[in-house]
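S.K.: For reference, the chains in residue letters:
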Amino acid sequence: MRIKLTSIMVDDQNRALKFYTEVLGFQKKRDIPVGEYKWLTVVSPEGPGDLELVLEPNANPAGKAFQKAMFEQAIPLAAFETSDLKAEFARLKALGVTFTQGPTKRGPVTIAVLSDTCGNLLQLYQPG
Amino acid sequence: MVLTRDVLARLCRARDLLCEEHAPSVREVARHVEISLFHFIRQFEAAFGVTPRQFRIGSRIQWAKRLLAVGRLSVTDVCMEVGFSSLGSFSDTFARRVGTRPSEYRRRARAMIHDSGMVPHPLEPGCLSLMALLPESGDAISEKRE
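In the order they appear, the protein sequences are chains H and C.
Numbers 1 to 128, taken from the numbering used here, label the letters of the first sequence in order.
Numbers 1001 to 1146, taken from the numbering used here, label the letters of the second sequence in order.
Not the full set, but computed from the structure, chain C residues with beta-carbon under 8 angstroms of chain H: (1) F1048; (2) L1133; (3) S1142.
In case anyone wonders, no lab produced these hints; they're calculated from the structure.
The beta-carbon is built from N, C-alpha and C at its ideal position, and this holds for glycine as well.
All chains, full assembly: derive it from the sequences and hints.
M.R.: In structure tokens form, the structure reads like this:
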């Protein structure tokens, strides 16, 4: 058994692809039409290339309720590691990204939280 | 831009108001959450990726999709029910956002609905269920292992 896919629900797949690639810097891996939606995945250019993040259409009412509740409580739905959070924060801020928390030391990590503009908060963290 | 928890909570409240059946105007929503109209539009778009007006239209289209799929209303009735005053504008907006006209969407959706009256998964996929609808051939999910 292997961990190959993880997913995040997004309220607009086209907007999500733009944000996750052009802003966050991930790379599109698969974009396969499935009816009204698509099987859309991205990978990190820093690898591993076979661990994909599915940008899942948030069309199901149960998923929508979950995503909304988490956002309202300011709880991130995914976390991405960076080796230089301060630089990443400055880069993303310059690109117009909205943060709900700037770089803050929390226990063993420094974290920052941003909106992915598709209904989710994402946590960036730097260990150490 | 860094939004405080308080502003984030106000924007979430505004989003709820914009989803309501008889949603107030964007100006009224801004007043309700006590943010100036200029800042409200700017902060809403920064947080949610769309302007309040675009968001309200999107939520009406989502509502229309459900009504078309499982309701008994005609396309014209659905148009009125979700708050559009012109059938032409409703059809054009629906087609632009969903990729098909309302009547065609209803025909396809109803063909998928059997006895349960539930909206079928292909129309409201969730939890990776799209995977089951991918083509069987090729490397849609992962490359073949050596």
